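Engineer: Each chain, letter by letter, is given below.
There are 2 protein chains.
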Amino acid sequence: MQTTKKINIIILATLMAVLLPAAAYCTIGHSGEGAHNISMTILWIAVILISAKLSSLVERFGQPSVLGELLAGVVLGNLALVGINTFEPIKTDSIISFLSELGVIVLLFQIGLESNIEKMKKVGLKAFFVAIVGVVAPFIAGTYIVGPWLMPGLSSNAYLFIGATLTATSVGITARVFQDLKKLHIPEAQIVLGAAVIDDVMGLIILAVVSAIVTTGGVGLGVISWITAKAILFLAGSIIFGQLLAPKISKLFSKIHTGMGMKFTLAISFCLIFAFLAQKVGLAPIVGAFAAGLILDPVHFNYFNDPQISNDINKELASCDENLRNKLLTITNSYTKHHVENLIAPIGLLLVPIFFVVTGMNVKLETMFNMPILIVALGITVTAFITKIISGLAAGNVNKLLVGFGMIPRGEVGLIFAMIGKNLNVISDEIFSAIVIMVILTTLLTPPILTYLLKKADKK
Amino acid sequence: MQTTKKINIIILATLMAVLLPAAAYCTIGHSGEGAHNISMTILWIAVILISAKLSSLVERFGQPSVLGELLAGVVLGNLALVGINTFEPIKTDSIISFLSELGVIVLLFQIGLESNIEKMKKVGLKAFFVAIVGVVAPFIAGTYIVGPWLMPGLSSNAYLFIGATLTATSVGITARVFQDLKKLHIPEAQIVLGAAVIDDVMGLIILAVVSAIVTTGGVGLGVISWITAKAILFLAGSIIFGQLLAPKISKLFSKIHTGMGMKFTLAISFCLIFAFLAQKVGLAPIVGAFAAGLILDPVHFNYFNDPQISNDINKELASCDENLRNKLLTITNSYTKHHVENLIAPIGLLLVPIFFVVTGMNVKLETMFNMPILIVALGITVTAFITKIISGLAAGNVNKLLVGFGMIPRGEVGLIFAMIGKNLNVISDEIFSAIVIMVILTTLLTPPILTYLLKKADKK
Chain A
222 MQTTKKINII ILATLMAVLL PAAAYCTIGH SGEGAHNISM TILWIAVILI SAKLSSLVER
282 FGQPSVLGEL LAGVVLGNLA LVGINTFEPI KTDSIISFLS ELGVIVLLFQ IGLESNIEKM
342 KKVGLKAFFV AIVGVVAPFI AGTYIVGPWL MPGLSSNAYL FIGATLTATS VGITARVFQD
402 LKKLHIPEAQ IVLGAAVIDD VMGLIILAVV SAIVTTGGVG LGVISWITAK AILFLAGSII
462 FGQLLAPKIS KLFSKIHTGM GMKFTLAISF CLIFAFLAQK VGLAPIVGAF AAGLILDPVH
522 FNYFNDPQIS NDINKELASC DENLRNKLLT ITNSYTKHHV ENLIAPIGLL LVPIFFVVTG
582 MNVKLETMFN MPILIVALGI TVTAFITKII SGLAAGNVNK LLVGFGMIPR GEVGLIFAMI
642 GKNLNVISDE IFSAIVIMVI LTTLLTPPIL TYLLKKADKK
Chain P
222 MQTTKKINII ILATLMAVLL PAAAYCTIGH SGEGAHNISM TILWIAVILI SAKLSSLVER
282 FGQPSVLGEL LAGVVLGNLA LVGINTFEPI KTDSIISFLS ELGVIVLLFQ IGLESNIEKM
342 KKVGLKAFFV AIVGVVAPFI AGTYIVGPWL MPGLSSNAYL FIGATLTATS VGITARVFQD
402 LKKLHIPEAQ IVLGAAVIDD VMGLIILAVV SAIVTTGGVG LGVISWITAK AILFLAGSII
462 FGQLLAPKIS KLFSKIHTGM GMKFTLAISF CLIFAFLAQK VGLAPIVGAF AAGLILDPVH
522 FNYFNDPQIS NDINKELASC DENLRNKLLT ITNSYTKHHV ENLIAPIGLL LVPIFFVVTG
582 MNVKLETMFN MPILIVALGI TVTAFITKII SGLAAGNVNK LLVGFGMIPR GEVGLIFAMI
642 GKNLNVISDE IFSAIVIMVI LTTLLTPPIL TYLLKKADKK
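From first to last, the protein sequence lines are chains A and P.
All the letters of the first sequence, read from the start, carry residue numbers 222 to 681 under our numbering.
All the letters of the second sequence, read from the start, carry residue numbers 222 to 681 under our numbering.
Treat each hint with caution, since some may be false.
The list treats identical chains as interchangeable, and a pair is accepted whether it falls inside one copy or across any two copies.
[To be verified] The calculated lysine-lysine pairs, modelled on BS3-like cross-linking and capped at a C-alpha distance of 25 Å, are:
(1) Lys536 <-> Lys404
(2) Lys585 <-> Lys472
(3) Lys548 <-> Lys343
(4) Lys548 <-> Lys677
(5) Lys469 <-> Lys680
(6) Lys536 <-> Lys558
(7) Lys476 <-> Lys558
(8) Lys681 <-> Lys548
Calculated from the structure, these hints are not laboratory results.
All figures in this text were calculated on a predicted structure; none of them were measured in a lab.
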């Protein structure tokens, strides 16, 4: 009963977010002159952001807010089914679609910033084996076994894309779950994070290969090797040269200005230029953005002024007793260290929800209430679970189940794959809907399972 | 000699910012597939941001960075004169032009957040009189005296726009100058800030009236009253209802989530929705954004969690001696209070330079090295100085010269007027260039003059 009430509140709140601006818009009419489309796009951004935030009510159920954003998008995108066409223009607004793509670029940059190369070296081989199995098992199962078995008669390209989609591991969701449960520093969490990062890179190489096969209509081993080589060269090159050059560039620019603005501009320009370069070598822009985030370390910004609050507080600490001084210094140092992340965070708050809500808007509900699609979706979901649980077995002497379930959320990366497949006309609306159901289920079921496994482990 | 060297450095640095990405782009070629325009737009954003930051070298000369951003735009926009056409697409990129408009909306929102209604009440009548004289004097001088005298034979609409452009006072630049000189709290600074705020609102009403006259080809007293009434009703209504509703809306949304994300979304959505509504009643979107900023007060966000660092530090302060505790509490309270501004700041860092660089790109240098235009520009500039110095006389028993010179920078608002006039085909390229020279000169000359006046006053 309590749950039904809460669900009612969610639906009501989402509808309010949707209907209030709609009503305002219809009442006021179209009296504005001039750049009409620009002011409409501005309203759409507000509508998307407010719906996304209202949908964060899902956190009450222990669910990550990304799920709420997807659901808000599903509502906004399917109101046409009940005769409300107000939000249909969002789907074709070219500026919204640009902001959405920029949003996912910023998200992968943030994820890259959260990770770093040193952390990845520590979890080392274990994470690498988990990642390999976590990519190979779902790809083979999706492409060659479950795909043809559940959906006979499709093109081999479609099976390839389903397999590729299943390889994804959402670093964002995985990290968020462990963070919410305050378990980011246990070895299992470190392994899952490392493996998810490697998985992302491998998955994106798979995406590049699969996209090339689809767009050029089949591809030889030579071309696959060339794409893989390009991807690895770009990533290795950008990581090696990036790490060498980032401190030098940072030092050079700090000679012009040492303020927050320069720090921000350097970080975001790194992200944008790497996203551009990645696309120039045939990779997705998000690969470049992720690499840019991975390269940038707090130490690269040592030439810049500390944030004002750290500065002000550190100035007062001389007269302080040693114990308190150390505590406060730890706080301000950690704030200073994460200052670049803090500066990028508002850009993420503005742009990332646009990506998820727009993604949700692409879900066609009419195809979802379709028994055959639901059956396919459940079949894909079971495959998604089993193949990642298997990858946990490669983790060695740790809680293998915890690692395996930690790898399950497909999140944004799986959706990106599905969107690209849809844009290439390889993935039909029906399969896209099935994949979205799989993403929603892997995202929805993982947090309670992880919570259960962690509590069980704590009892031992 | 020293100055020549520094200027050489600026030119070199700006050229490097321009040429390096250009070279990279030409070398790599056009091999990228897929959403080509999107990745180009991403590169343009990086080019604009980096040029803007390199141009902040002008701060070495005590000049505000807005001047550097304009100059960087002038360079980027006129490289075609020396045969480099690489950056010409920026001028016609619809997404860059949207981001630029969003940038100026965010800037006016930030300026609104910095001001608040209580502050404006304190400086009260003095600021109001300065504002009135500071709008009426330049408008009459520009429209009826200097305009027709310097540029005979133009349409009365052109004179109207020149007059309107001269009424502007740049809150941003004025505030920045006093802030840089650490004189924000002297009465003269308060009066100038208050008057600049009122000037902005009055100037924008003038803009609405002048735009209506131009677009409907002449306008009666009834229509002027209606536009003025609409503007005042919108502003008064949004301020009264906004102040009443903002805490309620804030409280409602804090029930869903009390985190940073919700705080940010509320603030930015306020800005976007007010910008949209302003355009719906026929005002410029920036008027709405400014009103939204004016309405939002730190107190409206009391329902939300304090930022993490304040929280962490406040937790440690119980064991602390009272003197130190009070000092640290002051620091963290001021940080908490300005947290909304801090959250919006990175959005400004991303979008605001796009507006100024794009504005600079619209300056056609070939029309500037034209003696008649230069003479007109100098005539307009002298008018701009004299009429605002006169407004200082209305300030009563304070340093009248300081107030008058504080009102001189035209900055972004003047440029917005000129851009709108240009888009309406009322302002020709030549007059636009003359206005930009006036804006650059008022922006460039004010900081050294204010510094001189403040030091002279300090000696007394």
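Engineer: Next step is simple, just say for each hint if it's right about the structure.
Structural biologist: So, going through the hints one by one against the coordinates:
1. Taking identical chains as interchangeable, the C-alpha atoms of Lys536 and Lys404 lie at most 25 Å apart only when they sit on different chains, with a minimum of 22 Å there against 34 Å within one chain.
2. Within a single copy, Lys585 and Lys472 get their C-alpha atoms no closer than 50 Å, and across copies no closer than 34 Å, so neither meets the 25 Å cut-off.
3. In this assembly of identical chains, Lys548 and Lys343 lie within 25 Å of each other by CA distance neither inside one copy nor across copies; the values are 27 Å within and 41 Å between.
4. Taking the shortest alpha-carbon separations for Lys548 and Lys677, neither the intra-copy value of 33 Å nor the inter-copy value of 46 Å comes in at or below 25 Å.
5. For the identical chains of this complex, Lys469 and Lys680 are neighbours neither inside a copy (50 Å) nor across copies (44 Å), given an alpha-carbon limit of 25 Å.
6. Proximity of Lys536 to Lys558 under the C-alpha cut-off of 25 Å is found in both arrangements, the shortest distances being 18 Å within a copy and 20 Å between copies.
7. In this homomeric assembly, Lys476 and Lys558 come within 25 Å of each other (Cα to Cα) only inside a single copy, at 20 Å, whereas the closest approach across copies is 31 Å.
8. Within a single copy, Lys681 and Lys548 get their C-alpha atoms no closer than 32 Å, and across copies no closer than 46 Å, so neither meets the 25 Å cut-off.
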